[in-house]
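Construct the entire structure; sequences and hints are all you get.
Heads up: the sequence lines are chains A and B, in that order.
Position 298 of the first sequence, counted from 1, bears residue number 298 in the numbering used here, the numbering being contiguous throughout.
Position 295 of the second sequence, counted from 1, bears residue number 295 in the numbering used here, the numbering being contiguous throughout.
None of these hints come from the bench; they were simulated from the model.
Certain hints may be false.
[Claimed, not checked] Which stretches of chain A does chain B cover? Using the computed rule of at least three CB atoms under 8 Å from a CB of chain B, they are:
no.: 1; segment: 163-173
no.: 2; segment: 176-188
no.: 3; segment: 294-300
[Stated by the list, open to error] Residues from chain A shown here face chain B by an in silico Cβ test under 10 Å; the list is partial:
no.: 4; residue: 31
no.: 5; residue: 57
no.: 6; residue: 122
no.: 7; residue: 147
no.: 8; residue: 148
no.: 9; residue: 160
no.: 10; residue: 196
no.: 11; residue: 200
no.: 12; residue: 309
no.: 13; residue: 312
no.: 14; residue: 318
no.: 15; residue: 320
no.: 16; residue: 330
Where is the CB? At the ideal position from N, CA and C, for every residue including glycine.
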Amino acid sequence: MTALVPTRDDVARAPGGGQRRRPALPVSVAISVVALAGAGALSLLVGARAVPLASVWDTTHPLHAVVEARLDRTVLGLAVGAALGLAGALMQGLTRNPLADPGILGVNAGATFAMVVGMTAFGAAEMGQFLPLAFVGAALAAAVVHGIASLGRDGATPMKLAITGAALSAGLASWTTGLLLADRKTMETFRFWQVGTVAGRGTDVLVAGLPFLVVGVVLALAGARLLDTLALGDDLARGLGRRTTRDRLVIALAIVLLAGTATALAGPIAFVGLVVPHVVRALVGPDHRRLLPFSMLAGAVLVVVADTVGRIVLPPAEVQVGIMAAVVGVPVFIALIRRTGRAL
Amino acid sequence: MTVTLGRPAIAEPPAPDALDVVRRARRAPVRHHRRLLASLVVALAGAFAARVLLGDFTVTVPDFVRIVGGEQIPGASYIVMESKLPRAVLAVLVGVAFGVGGAIFQTTLRNPLASPDIVGISLGASAAAVSAIALAGWTGWPVSAAAVVGALAVALAVRAVAGDHGGFRLVLAGIGLAAAMQSVIQYVFTRVDEYDVQLVLRWLTGSVNGVAWQAIGLLALALAVLLPATAWVARSLRATELGDDAAAGLGVGRGRTDLLMLLGVLLVAVAVAAAGPVAFVAFLSGPIARALNRGRTTLPAAGLVGAVIVLAGDYAGAYAFADLNLPVGVVTGALGAPFLLWLLARGPLDAHRGRRAG
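Here it is, written out as structure tokens:
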């Protein structure tokens with residue numbers, strides 16, 4: 001909670017004594033664009049086999065096919081990363097909780113479980129069928145976690161949410177394993193997907209998911225002002241004329257669309273939604289109208305860089321994005337616990 | 001059993017059996033504890049017999065005695081000696097180790113959520129063991145040693161992160177590390193050439209299926225050392241439960257508490273090395289045993305409850321669905337998570353008998 005709205009203490013402690021110096025908006029935009037372009041270029045050029053720059057546009061180059069294969073996963077990584085970064089920022093704003101993340105709060109696990117139920121029970125096999133399943137699972141998991149964590153006198157505190165999410169994730173993982181054991185064929189297709197990867201998914205997968213991502217992004221960016229008002233607290237927001245329940249539902253719908261689609265496309269990837277908003281908040285401040293778009297960009301950069309690094313960090317095999325995200329995310333998670341420990 | 005205080009105005013002479021009433025009242029918990037242990041042993045024996053004798057291949061008691069005596073009965077001998085008996089024995093050993101280890105954690109940290117399977121210690125042991133097996137090709141006791149190292153590393157990391165704060169910070173740090181350990185295990189699976197479903201199930205969810213007698217003997221040997229040591233160190237558990245300061249005041253230093261925690265880590269680690277991180281057994285056994293024992297902590301009962309849970313879970317997983325052999329970890333995970341959610345929903349999270357644990 002404390003991390004989202006700077007208190008007087010935060011301001012006083014900030015370097016520069018009171019006025020926190022942040023890069024001006026054009027500088028931030030320039031940095032993001034350069035980072036995005038750099039990450040994309042690296043993702044095309046770096047891998048088990050490094051390709052020369054010329055092969056990117058020279059269609060007759062012998063290594064052009066390699067670039068094309070990498071283009072698929074780069075674009076998918078950008079889309080998934082943007083969705084996860086944005087979903088994380090929305091969740092942290094909505095729950096006013098610095099530990100919120102679609103992976104930690106069990107939303108990804110819910111989407112995964114619903115998809116496996118669809119595969120084994122109803123024979124779902126196409127992305128068009130997976131997506132609605134993922135949305136239903138994500139929405140139910142979010143509702144259950146939030147509902148259970150809200151019980152009790154002190155409401156949905158950050159750690160109650162996190163522990164409830166972990167409990168639900170663990171239980172759903174067991175149910176998922178049980179279903180998969182009954183159906184070996186599904187297990188084979190599930191093997192790599194379950195780790196969280198953007199490799200070898202193909203463009204048609206992305207095309208199926210893109211409309212939902214766009215709707216989610218539009219809802220999220222339109223809801224930036226709602227989050228700023230909600231950050232003041234429910235009473236104050238209502239006093240300012242907001243209908244808080246409706247506002248929350250709009251944001252929640254955006255989260256479900258973004259996290260559900262990302263899980264359906266690339267598997268459950270945790271920690272991206274946790275790390276990105278904190279880094280971005282340190283750079284551009286807590287205003288959601290800036291925080292949300294920059295979280296999108298930073299999420300895309302993080303996932304693409306993680307994918308690229310995962311290709312070369314432990315040759316000859318690749319390390320999947322989901323694993324790389326945990327490598328980056330767990331230290332940040334622990335640092336957050338240590339910093340906010342007193343408030344928890 | 002309560003002693004009602006009569007009105008002093010009526011000068012009733014003290015009943016001659018007042019001393020006796022008090023003595024009996026003070027002995028009641030001890031006697032209840034003995035009765036509880038006895039009934040748990042009976043339940044364990046029943047579950048063990050059911051696991052070995054019943055199921056899709058029924059063995060009669062005389063046959064079973066003859067088989068264990070070394071006689072060869074075509075078909076039955078193989079099934080009993082290579083499948084049913086090792087599974088049942090391993091389930092008992094693993095259940096006792098997880099139950100006692102979990103109860104040690106929950107009691108010394110004074111938080112029912114701070115059990116080794118929730119704070120990532122089981123997964124740490126599992127990650128180290130599976131790395132040793134799949135990447136380094138180790139077998140036998142070095143795998144157990146690797147599991148112990150992994151469990152200790154995670155335990156120290158959690159403790160370093162949580163500092164002196166018990167309670168929530170510790171649980172949250174553990175959840176984060178558990179996620180990291182799970183990633184390590186999944187990474188190892190993407191590296192193995194042949195995707196061995198049994199291997200994956202053992203090291204991610206826990207399974208007592210297909211374990212060699214040698215590994216079971218190793219676990220039994222480790223427990224033969226660790227359990228008596230735990231019983232000896234845990235004499236001061238009642239004082240430890242009161243918290244560091246109160247325990248120090250009663251003459252129980254930090255060192256003894258640390259030693260008890262170390263034994264808990266070792267118990268969990270050797271069990272994981274044999275059967276994988278069987279989900280939620282360490283978490284469930286302690287609270288169940290405590291509820292059965294009228295709210296008093298009891299390590300022996302926790303161990304017996306753990307053994308019954310693993311045996312029953314393995315039996316249910318093997319025979320509940322006709323053509324489906326679920327590993328025990330899936331069963332305990334599927335049933336344990338709702339219990340954890342219920343515990344979270346029920347009330348003051350960090351209350352351990354009404355005290356704040358943070």
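Against chain B, run the beta carbon of residue 122(A) and see if the smallest gap drops under 10 Å. violated (19 Å)
Restraint: residue 31(A) near chain B, CB-CB cut 10 Å. Satisfied or not? Hint on residue 31(A): violated, closest Cβ of chain B at ~29 Å, above 10 Å.
Does residue 147(A) meet its interface restraint, that is, does its C-beta lie within less than 10 Å of any C-beta in chain B? holds (9 Å)
Agreement of hint residue 309(A) with chain B interface, Cβ distance less than 10 Å: Since the shortest Cβ distance to chain B is 14 Å, the answer is violated.
Does the interface hint hold: is residue 320(A) within less than 10 Å of chain B, judged Cβ to Cβ? Holds, because the Cβ-Cβ distance from residue 320(A) to chain B comes to roughly 7 Å (cut-off 10 Å).
Given residue 318(A) as an interface hint, is its Cβ closer than 10 Å to any Cβ of chain B? Holds, about 8 Å.
Count the residues of the segment 294-300 of chain A whose CB lies closer than 8 Å to any CB of chain B, then report whether that count reaches three. As far as the segment 294-300 of chain A goes, the hint is violated, because 0 residues have Cβ atoms under 8 Å from chain B.
Interface hint outcome for residue 160(A) [beta carbon to chain B under 10 Å]: holds (6 Å)
Does the closest beta carbon of chain B sit nearer than 10 Å to the beta carbon of residue 148(A)? It holds, given that the least Cβ distance between residue 148(A) and chain B is near 5 Å, below 10 Å.
Do the numbers back the hint for residue 312(A), that is, is its least Cβ distance to chain B under 10 Å? Interface hint status for residue 312(A): violated (15 Å vs cutoff 10 Å).
Restraint satisfaction for residue 330(A) [CB to CB of chain B, less than 10 Å]: Holds, about 4 Å.
Interface hint compliance - residue 200(A) to chain B, C-beta minimum distance less than 10 Å: violated (13 Å)
The structure is inconsistent with the numbered hints 3, 4, 5, 6, 11, 12 and 13, although it conforms to all the rest.
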